[in-house]
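Visitor: Sequence:
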Amino acid sequence: MTANALSPLILVDGSSYLFRAYHVPYLQALSTSDGQPTGAITGVLNMIKALKKDYPNGNIVVVFDAKGKTFRNDLYPEYKANRPPMPDDLRSQIAPLHNIIEAMGLPLLVIEGVEADDVIGTYAKQANELGIETVISTGDKDMAQLVTPHVRLINTMTDTEMDEAGVEEKFGIKPDQIIDYLTLMGDKVDNIPGVEKCGPKTAVKWLKEYGTLEGVIENSDKVKGKIGENLRSALEQLPLSYELATIKTDCELPYDVSELGPKQADTDTLLELYTKFELRRLLAELKAANGETTEADEEITPAKIDTHYETILDEATLDTWLTQLSDAGTFAFDTETTSLDYMKAELVGVSFCCEAGKAAYVPVAHDYVGAPSQLSRELVLEKLKPLLASDTLVKVGQNLKYDANVLAKYNVAITGPVLDTMIESYCYNSVATRHNMDALAEKYLDHKTIHFEDIAGKGAKQLTFNQIELEKAAPYAAEDADITLRLHQALYPKLEKESQLLSVFKEIEMPLMPVLARMEQGGVLIDDHLLTEQSHQIGARLAQLEMEAHDIAGRAFNLASPKQLQEILFDELKIPVIKKTPKGAPSTAEEVLEELALDYPLPKLILEHRGLSKLKSTYTDKLPLMIAPSTGHVHTSYNQAVTVTGRLSSTDPNLQNIPIRSEEGRKIRQAFIAPQDHKVVAIDYSQIELRIMAHLSDDAGLLTAFKEGRDIHQATAAEIFNVALDDVTSNQRRSAKAINFGLIYGMSAFGLSKQIGVGRNEAQAYMDKYFERYPGVLTYMEDTRQKANEKGYVETLFGRRLYLPEIKSRNGMRKKAAERAAINAPMQGTAADIIKKAMLAVDAWIVEQNDPRIKMTMQVHDELVFEIHQDIVEETTAKIVDIMNQAAELKVPLIAEAGIGMNWDEAH
DNA sequence: GCGCGACCATA
DNA sequence: GTATGGTCGCGCC
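Numbering (the numbering used here), first residue to last: 19 to 926.
Honestly, the hints are just simulated from the structure, not real lab data. Just so you know, not all the hints are guaranteed correct.
[What the hints assert, rightly or not] Derived BS3-like pairs (lysine-lysine); straight-line CA-CA distance at most 25 Å:
no., residue 1, residue 2
1, Lys71, Lys215
2, Lys805, Lys826
3, Lys403, Lys362
4, Lys403, Lys70
5, Lys242, Lys266
6, Lys322, Lys376
7, Lys772, Lys755
8, Lys581, Lys242
9, Lys240, Lys219
10, Lys266, Lys188
11, Lys192, Lys598
12, Lys490, Lys466
13, Lys70, Lys192
14, Lys223, Lys725
15, Lys192, Lys266
16, Lys640, Lys598
17, Lys592, Lys223
18, Lys466, Lys67
19, Lys67, Lys294
20, Lys188, Lys809
21, Lys601, Lys581
22, Lys622, Lys632
23, Lys598, Lys772
24, Lys592, Lys226
25, Lys294, Lys242
26, Lys98, Lys67
27, Lys192, Lys240
28, Lys294, Lys70
29, Lys219, Lys632
30, Lys897, Lys725
31, Lys622, Lys581
32, Lys805, Lys512
33, Lys143, Lys192
34, Lys188, Lys833
35, Lys622, Lys598
36, Lys159, Lys188
37, Lys159, Lys226
38, Lys215, Lys192
39, Lys809, Lys515
Turn these sequences into a full structure, and let the hints guide you.
Guide: Okay, here's the thing in structure tokens:
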């Protein structure tokens, strides 16, 4: 066995992974047909497979605990005495796993008298001394003590790496303080005594203060309170704990680190073992690697495809290609342009592909020095136009809305059958990956694409596509089309297997794309003079506030810097700290300043300053700059594949967070206006998420309240506080409203109590009362949690799916967070589905009217905004309200409410 | 020039 | 307590 000095040493803590894999729910289900469990085997082997992929040159060594006692039991008979014996269904998996690992040719170490940690520690130390890069693959945080500049940890199950900086970040201390840290805390599971009530926080605090365990011990009489007593009474046993927590780095081992290295895999034995234990995927992969064909398995790496990419510079070749595209019936298509901003972008070339691996790029506007002569943009578009508008040809693209927006400037439309791979991926699984092409190619095709930065550079010196040499541009562009087609071939069949997902894709998302494109191209009219005027006023007030603040502070400082503000408030003015940020610095967040403002003058100034400068920098300064010179309008981008719940998002500018709550903020909405003789019409769904909750939960009380058209918060208040509807006070209504919202967010009593400013018990009492009055809601919440836990996903009314991988987390906080998301997603997502359906119906009606006096301009989650000519505004609004009310058939009425005005503020 | 945390705008 | 996007300061390279 020899090691290549250049390859990193990968030390695998097999025992740690074995135990963890054993407890993974979906692995627990695995067994052979005669009942031999194989989940833990599968888990560990998958993990080794992942390591092989991540470290192709890695020298993998697998270490397991041996049976029997270790030197730690001699030191301390109670060590791990609390551990239950290993379950039989885990024990029975160990020998087969060892056999498989050996057959794979990997060095396997099982050393008696020490633990796997100690073997790893010994090799890590040897490797470190030889300067060999070492990666320890483990799920055990104790190993952090082994980290050095040459040694780092990777947790393959959570895919997180930790080097020295990572240790400091995670623990707040350096690797060489980890043993001290573990000593102070002790370990309940392993039965190592520590300081009673000393957890991670306290341990880190002490070590920061006194540097080392020795320092802590020397200064133990300085620690006050109960915890100080605990520390002093633990002093005697700390040296023992230290010894137990220390991973041994001088074990006697059969091989030196330099002697470790892989052997030839024993394929025959592997085949036999995989067959015996019915490890079908591994078997299939092994056979595939040996050149045998196997039954199709979607997760198997697709065969590498030979690629032939062509650059088209003459008309005859273009014609031949276009004929091929037509004959193929389905083709992928992509544009290359000068900008990501569709309003500024100019077309530089187009690429297409109708057979995996065969693609072409047609440059039309590369203008670097020495660029060859190219076909004209006009000619190429003229020839392509009928294909893109064909009613029969299927056009496949990645984020086609962008291409459609760019081509619209050249009067070329993409219509007829259109499929978008970004949306396919999004509908298939909104959380598995980002939906950009590079990520999709890697996930679904196991292919690393050429990145734009690879050919264009990055930063200020980044080239635009027209400046890139054809030799580099063509493979990139052609690959885009090729990969798009292959992604479609990979993703569409997956959607077809899930009729619900396919229907969301075909009935909602794809039809919505041209609707969004029209809204984006149409844009929204902004009164830039009004905004500029507001900027000036705000600027003057900010200057005044700044002067006053500097006066009080006694020196100049940046009011916008939380760090400087924190110095002024808490260090210099000695104002008491109320709350800290997650990283431990005193918080200067709004709620804190609000509270301080009651007693001190400066926080109040800061609050006003913050609010105003936010408005100025984000809105009044920026929006006028975003008006497109060519249209005089502001053109946002709606992203259709960002949110996990099915909502749209809006960027450049974000039109979905224009202020409304504060007085000053509302003024910005006054700048959202309509053209001459037109009105702004805003129509929003009233309480849509609560209505959906009523529908999904089928709760009789809630259904009645909505059917009878009651004020839902008032009705809720009457039920919770046991008073007549008319006797509900505004305070009671406010609490009920907070509860109603909280339910949608999957709240806890703790969250509710914070929101409405009552004790936790009182909040719990309100919730109990609520669930007593609306038992259907309680059942629904419980069912949703259960479904999320069982299936790993939840669904909207229309079958949109949201996976919740964290629902299986053993980390309580994460699991709880996933459960809250599970509660919220069906309601938020169904609301998103409904307004999307409404947009489709409204747009269809507007297109049918063929009247330029009606335009849909914005979507803000539960609201649609239009500009409509004043002559027809009343009846048109009534018609649209009607369409929106009919967008879905729920057990309660959908109510859309309209406002009409000269600007967006007035329209509310 | 970039990435990240804190903060804050919306539904 | 859910879901987003934008700006700022600041430390880093």
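Visitor: Confirm or reject each hint.
Guide: Okay, the hints, checked on the actual structure:
1. Note on Lys71 and Lys215: the hinted pairing is violated, with a Cα-Cα distance of about 43 Å set against a maximum of 25 Å.
2. With a CA separation close to 12 Å, the supplied pair Lys805 and Lys826 stays within the 25 Å bound.
3. Our distance criterion of 25 Å between C-alpha atoms is met by Lys403 and Lys362, whose separation comes to about 21 Å.
4. About 48 Å separates the Cα atoms of Lys403 and Lys70, which puts this hinted pair outside 25 Å; it is violated.
5. Between Lys242 and Lys266, the direct Cα distance comes to roughly 34 Å. Violation of the 25 Å bound is thereby established for this hinted pair.
6. This hinted pair checks out: Lys322 and Lys376 have alpha carbons roughly 13 Å apart, not beyond 25 Å.
7. For the proposed pair Lys772 and Lys755, the alpha carbon gap of about 14 Å is at most 25 Å, so the pair holds.
8. For the given pair, Lys581 sits about 30 Å from Lys242 by alpha-carbon distance, which is inconsistent with the 25 Å threshold.
9. Pair hint Lys240 plus Lys219 holds up; C-alpha atoms about 18 Å apart against a cutoff of 25 Å.
10. At roughly 23 Å between alpha-carbon atoms, Lys266 and Lys188 fall within 25 Å of each other, so this suggested pair holds.
11. Between Lys192 and Lys598 the CA atoms are separated by roughly 23 Å; this keeps the pair inside 25 Å, and the hint holds.
12. For the hint linking Lys490 to Lys466, the alpha-carbon distance of about 16 Å falls within 25 Å, and the restraint holds.
13. Restraint check for Lys70 and Lys192: the C-alpha separation of about 29 Å exceeds 25 Å, so the hint is violated.
14. For a cut-off of 25 Å, the pair hint linking Lys223 to Lys725 is broken: about 58 Å separates their Cα positions.
15. Distance check on the hinted pair: Lys192 and Lys266 sit about 19 Å apart at the alpha-carbon level, within 25 Å; holds.
16. In summary, the hint linking Lys640 to Lys598 is not supported, as the alpha carbons are separated by about 32 Å, beyond the 25 Å threshold.
17. With a C-alpha separation of about 23 Å, the suggested pair Lys592 and Lys223 falls inside the 25 Å cut-off, and the hint holds.
18. A C-alpha spacing of about 19 Å is found between Lys466 and Lys67, which places the hinted pair at or below 25 Å, so the restraint holds.
19. Proximity of Lys67 to Lys294 is assessed by CA-CA distance (about 20 Å); at most 25 Å being required, the pair is judged to hold.
20. Of the supplied pair hints, the one linking Lys188 and Lys809 is violated, its CA atoms being roughly 32 Å apart against a limit of 25 Å.
21. Straight-line distance between C-alpha atoms of Lys601 and Lys581 comes to about 13 Å, which keeps the hinted pair within the 25 Å bound.
22. Proximity of Lys622 to Lys632 is assessed by CA-CA distance (about 16 Å); at most 25 Å being required, the pair is judged to hold.
23. Restraint check for Lys598 and Lys772: satisfied, since their Cα atoms lie roughly 16 Å apart, inside the 25 Å limit.
24. Annotation: proposed proximity of Lys592 to Lys226 holds, straight-line Cα distance about 24 Å (limit 25 Å).
25. Between Lys294 and Lys242 the alpha-carbon distance is near 62 Å, which puts this suggested pair outside the 25 Å criterion.
26. For the given pair, Lys98 sits about 31 Å from Lys67 by alpha-carbon distance, which is inconsistent with the 25 Å threshold.
27. For the given pair, Lys192 sits about 24 Å from Lys240 by alpha-carbon distance, which is consistent with the 25 Å threshold.
28. Restraint check for Lys294 and Lys70: satisfied, since their Cα atoms lie roughly 24 Å apart, inside the 25 Å limit.
29. Taking the CA atoms of Lys219 and Lys632, the gap is about 35 Å. The hint is violated against a cut of 25 Å.
30. Taken as a hint, the Lys897 and Lys725 pair is honoured in the structure, with Cα atoms around 22 Å apart against an allowance of 25 Å.
31. As the CA atoms of Lys622 and Lys581 are separated by approximately 17 Å, the hinted pair is consistent with the 25 Å bound.
32. Distance hint between Lys805 and Lys512 is fulfilled; the C-alpha atoms sit about 22 Å from each other, no more than 25 Å.
33. In summary, the hint linking Lys143 to Lys192 is supported, as the alpha carbons are separated by about 17 Å, within the 25 Å threshold.
34. Proposed proximity of Lys188 and Lys833 is supported: the alpha carbons are some 20 Å apart, at most 25 Å.
35. With a CA separation close to 19 Å, the supplied pair Lys622 and Lys598 stays within the 25 Å bound.
36. The hinted pair formed by Lys159 and Lys188 meets the criterion: a straight-line CA distance of about 10 Å does not exceed 25 Å.
37. Between Lys159 and Lys226, the direct Cα distance comes to roughly 19 Å. Compliance with the 25 Å bound is thereby established for this hinted pair.
38. With a C-alpha separation of about 22 Å, the suggested pairing of Lys215 with Lys192 holds against the 25 Å cut-off.
39. With a C-alpha separation of about 17 Å, the suggested pairing of Lys809 with Lys515 holds against the 25 Å cut-off.
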